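Numbering of the sequence shown is given in the numbering used here, commencing with residue 1 and proceeding in unit increments.
No lab work stands behind these hints: they were computed from the structure. Just so you know, not all the hints are guaranteed correct.
When the alpha-carbon atoms are kept at most 20 angstroms apart in a straight line, the in silico EDC-like pairs for lysine to aspartate or glutamate are as follows [to be verified]: (1) 179 x 213; (2) 382 x 213; (3) 269 x 233; (4) 193 x 137; (5) 382 x 125; (6) 179 x 137; (7) 193 x 277; (8) 330 x 277; (9) 330 x 253; (10) 330 x 397; (11) 179 x 311; (12) 382 x 158; (13) 330 x 361; (14) 334 x 166; (15) 330 x 371; (16) 382 x 181; (17) 302 x 281; (18) 330 x 318; (19) 193 x 281; (20) 269 x 173; (21) 269 x 171; (22) 334 x 242; (23) 269 x 213; (24) 269 x 64; (25) 269 x 166; (26) 269 x 156; (27) 334 x 64; (28) 302 x 318; (29) 330 x 166; (30) 193 x 181; (31) 302 x 335; (32) 269 x 242; (33) 346 x 371; (34) 330 x 64; (35) 269 x 335.
Note that the structure is a prediction, hence the values are computed from the model and not measured.
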Amino acid sequence: MRRGQLRDCFVGVGVKRLSAVDAEPRRSNQHEVGTTRDMRRQFLGEIQHQRFRAIYVWLGKDHDRLISEGTATHYDAREQKVNRAAEWRLYYSSNPVTEAMREGDTLFLAMTNDQSLYFIVAPTDSTSERQLSWLFDLHPSGRSFVSREVAHDEQELDFAARFILDEIGIELEEPDADKLDAMIEPFGMTFPKTVDFSDLARRTLPAVRAEDDPDMALVEWLRHEEALFRRLERRIVAARLDQGFRDDSGATDVNGFISFSLSVHNRRKSRMGHSLELHLEAVFRAHEIAYVRGAITENNQKPDFLFPNEEAYRAAPEAGHTCLTMLGAKSSCKDRWRQVLAEAAKIPRKHLLTLEPGISERQTSQMANLDLQLVVPHSIQKTYTNGQRAWLWNVNDFIQDVRARACK
Numbered sequence: 001m002r003r004g005q006l007r008d009c010f011v012g013v014g015v016k017r018l019s020a021v022d023a024e025p026r027r028s029n030q031h032e033v034g035t036t037r038d039m040r041r042q043f044l045g046e047i048q049h050q051r052f053r054a055i056y057v058w059l060g061k062d063h064d065r066l067i068s069e070g071t072a073t074h075y076d077a078r079e080q081k082v083n084r085a086a087e088w089r090l091y092y093s094s095n096p097v098t099e100a101m102r103e104g105d106t107l108f109l110a111m112t113n114d115q116s117l118y119f120i121v122a123p124t125d126s127t128s129e130r131q132l133s134w135l136f137d138l139h140p141s142g143r144s145f146v147s148r149e150v151a152h153d154e155q156e157l158d159f160a161a162r163f164i165l166d167e168i169g170i171e172l173e174e175p176d177a178d179k180l181d182a183m184i185e186p187f188g189m190t191f192p193k194t195v196d197f198s199d200l201a202r203r204t205l206p207a208v209r210a211e212d213d214p215d216m217a218l219v220e221w222l223r224h225e226e227a228l229f230r231r232l233e234r235r236i237v238a239a240r241l242d243q244g245f246r247d248d249s250g251a252t253d254v255n256g257f258i259s260f261s262l263s264v265h266n267r268r269k270s271r272m273g274h275s276l277e278l279h280l281e282a283v284f285r286a287h288e289i290a291y292v293r294g295a296i297t298e299n300n301q302k303p304d305f306l307f308p309n310e311e312a313y314r315a316a317p318e319a320g321h322t323c324l325t326m327l328g329a330k331s332s333c334k335d336r337w338r339q340v341l342a343e344a345a346k347i348p349r350k351h352l353l354t355l356e357p358g359i360s361e362r363q364t365s366q367m368a369n370l371d372l373q374l375v376v377p378h379s380i381q382k383t384y385t386n387g388q389r390a391w392l393w394n395v396n397d398f399i400q401d402v403r404a405r406a407c408k
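Work the whole structure out from these sequences, hints included.
Structure follows, in structure tokens:
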């Protein structure tokens, strides 16, 4: 099944470091950034005073996200000056995102196929900046935009790319998503339990075997389940929207709409973490690895996975027992990875599996210094630096380590 390309979302993108003049209007009395000749040729054009619909996105260091819709106007500030070279600028409206950005932050300006602009700001050297640079294949080099047109023949969007797009609020349905309809038909208009959906994802990919490649299997199962879930969700949400939101008096039910919207958002968040654990269980079973999920250790802590079992952990007389291993599983790290450090005190070296692409070097250095080994599926590791990849483990590395240290 085809997976779509970046060109299905964007026609062009530019990136730059924000100067004080760009980012802090109180220091310049402006709300604008200068554009380059290349950007105008590649995707912005040169229509005087063209107003674009703009989606402003702020991604903080710990993935705090702000999204605001507004407009942005592209104009030549020297149009009336006959003997002066053109000076094109993009005027942006004041909003929570532009108020949060600061000098030195990184701005990604990307145009969609329908000529909307994504105005995305991330702090320098943050995980978000690294993810976006990898997604767009562009790296800031100074205070002027570096840009490119998005080609039609670029690689298909993989799991990591879709993860990042989701972070900026872009949901791209699989081009052949209608082929999934027969698989989800038995559920009708009801969301099944996550365990049933995860099982369906594995059963409908019979050629994918964790025994052969646990890293590939984990990612493919998750990708397939996500596509199935989004297809069913689209069907159910569309039907609910068609019904409308009215209270008993016939007035517009704003609270009902907000409640429904929140339920959709919360279901997505909770389901991904749960399905990750379920697919990891399938991987461990395929490799005949003894484990227990959700065991209780000191201070009522509950590591996601404990190896080989709770009884062996309780019987171990001291910290550092070589037979014991723990693994946390978080689809995205953010700053929550520190929670793993308090789990299973008898196991000083912690392990954490995540699906998050391109975590910053600052964060992975902190993890290593605190004796936390990060485990990232092999296909997602390409979003990390060469230095990070030398330190990272993949799923197979983890399995081999647990097997080598298993209690005799």
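Checked hints:
no.: 1; hint: 179 x 213; in the structure: violated (26 angstroms)
no.: 2; hint: 382 x 213; in the structure: holds (17 angstroms)
no.: 3; hint: 269 x 233; in the structure: holds (13 angstroms)
no.: 4; hint: 193 x 137; in the structure: violated (38 angstroms)
no.: 5; hint: 382 x 125; in the structure: holds (17 angstroms)
no.: 6; hint: 179 x 137; in the structure: violated (31 angstroms)
no.: 7; hint: 193 x 277; in the structure: holds (14 angstroms)
no.: 8; hint: 330 x 277; in the structure: holds (9 angstroms)
no.: 9; hint: 330 x 253; in the structure: violated (36 angstroms)
no.: 10; hint: 330 x 397; in the structure: holds (18 angstroms)
no.: 11; hint: 179 x 311; in the structure: violated (46 angstroms)
no.: 12; hint: 382 x 158; in the structure: holds (11 angstroms)
no.: 13; hint: 330 x 361; in the structure: holds (18 angstroms)
no.: 14; hint: 334 x 166; in the structure: holds (15 angstroms)
no.: 15; hint: 330 x 371; in the structure: holds (17 angstroms)
no.: 16; hint: 382 x 181; in the structure: violated (32 angstroms)
no.: 17; hint: 302 x 281; in the structure: holds (16 angstroms)
no.: 18; hint: 330 x 318; in the structure: violated (27 angstroms)
no.: 19; hint: 193 x 281; in the structure: holds (16 angstroms)
no.: 20; hint: 269 x 173; in the structure: holds (18 angstroms)
no.: 21; hint: 269 x 171; in the structure: holds (14 angstroms)
no.: 22; hint: 334 x 242; in the structure: violated (36 angstroms)
no.: 23; hint: 269 x 213; in the structure: violated (27 angstroms)
no.: 24; hint: 269 x 64; in the structure: holds (15 angstroms)
no.: 25; hint: 269 x 166; in the structure: holds (12 angstroms)
no.: 26; hint: 269 x 156; in the structure: violated (25 angstroms)
no.: 27; hint: 334 x 64; in the structure: holds (9 angstroms)
no.: 28; hint: 302 x 318; in the structure: holds (19 angstroms)
no.: 29; hint: 330 x 166; in the structure: holds (16 angstroms)
no.: 30; hint: 193 x 181; in the structure: holds (18 angstroms)
no.: 31; hint: 302 x 335; in the structure: holds (18 angstroms)
no.: 32; hint: 269 x 242; in the structure: violated (24 angstroms)
no.: 33; hint: 346 x 371; in the structure: holds (13 angstroms)
no.: 34; hint: 330 x 64; in the structure: holds (17 angstroms)
no.: 35; hint: 269 x 335; in the structure: holds (16 angstroms)
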